[in-house]
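Enquirer: Below, each chain spelled out in residue letters.
Number of protein chains: 2
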Amino acid sequence: MSERGTVPQVTRGESLLFLTDDQLRRGIEAMFFAYRGFTADPDRILAEKGLGRAHHRATHFINRLPGTTVNRLLEVLGVTKQSLNRVLRTLIDEGLVEARVGVRDRRERHLYLTDAGAALERELSDAQRARMRAAYRAAGPDAVAGFRLVLEEMMDPEHKRQYRQGQDRAQ
Amino acid sequence: MSERGTVPQVTRGESLLFLTDDQLRRGIEAMFFAYRGFTADPDRILAEKGLGRAHHRATHFINRLPGTTVNRLLEVLGVTKQSLNRVLRTLIDEGLVEARVGVRDRRERHLYLTDAGAALERELSDAQRARMRAAYRAAGPDAVAGFRLVLEEMMDPEHKRQYRQGQDRAQ
DNA sequence: TTGGAAAGTCAACAAGGCTGACATAAAATA
DNA sequence: TATTTTATGTCAGCCTTGTTGACTTTCCAA
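Sequence lines, in order, name chains X and B.
For the first sequence, my numbering gives the first residue as 1, with consecutive numbering after it.
For the second sequence, my numbering gives the first residue as 1, with consecutive numbering after it.
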């Protein structure tokens, strides 16, 4: 907070002009507008099917973590179990997700996408990846590396852990 | 869509490995987790005051565009006037925003933050900038340039325009 | 075997999106 | 001047997706 309105000093020959309040504000607005673009395409598809963004998030991570328990999914998504339950209810009722009672622990429900669920997930992620791919291609590999690094540094520590655990799957 | 599950070919000596579906998925998850971090600190402050993220977005852009009309703000925020109206109503009733009747065109309302509104805006953006600054510092200037470039490429064209117009203010 | 913890469900509420219809005032135009 | 268009605000009602609280079922450890 101490740097507001000031121009950071040049130290050891490095310019710190990328840390001015104005540059930070630009970054904040970039996040705001980019996130809108990021969700726009899946949102359109979901709206047609009477589903919402929450269903997309759930199917994404069920696809990524097949057989996950509800609890595990709760940690990743960061919502209350009641909130997730409503979304799962819909997905199960519509035949997109299957909840299998745990074998070792019968309190647990292990979640899997059905064929229809996998098809939906693919449709949504295809749309999202298409935009991402276009942006990556336009920006180039070095920019992408920077993009990923800054995003990682913005995460809460526990999300950073989860994010890193998601590495090297389906290579 | 055509590249799913394939490894992009190396063309003209460039590696296109940063465009694999898996790399794109990583970017998607990075956006998801980072956006959570991005909004977490202001959300906590807002919750204490009985306000929501929508109030933050409104005060942010009223601060950035002092004297903006309601219509202009609607375009930037991308919500309906009914939705914005509810938010503005609260902000005006709580003495955080002032709506002045237009001089040239008396149908217009020009929006300004009051002193209390400016103080709230500063508290919120200080919190958000603090996280941003830490991420920027940790990632370094080159990463930040890449971050901003990729985000810009992810925006819808009209948001990209608005984003670019926001350059070079309060230098 | 029993009491607590864990997983999941049901009910109710709130924020903040949305649409539609309508009112008012002012500006622009025929 | 009469009419239409524009900018704004408001009411009503709906939906999604968060929340908390209370409850059931199941498991496990004392």
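These aren't lab readings, by the way, just hints derived from the structure by calculation.
Don't take every hint at face value.
The list treats identical chains as one, so a pair stands whether inside a single copy or across any two.
Unchecked claim - Cross-link-like lysine-lysine pairs, in silico, DSSO-like; alpha carbons within 30 Å at most:
id	residue 1	residue 2
1	K49	K160
2	K49	K81
3	K81	K160
Enquirer: Does the structure break any of the earlier hints, and which numbers would those be?
Expert: Checked against the structure, no hint fails, so every one of them is satisfied.
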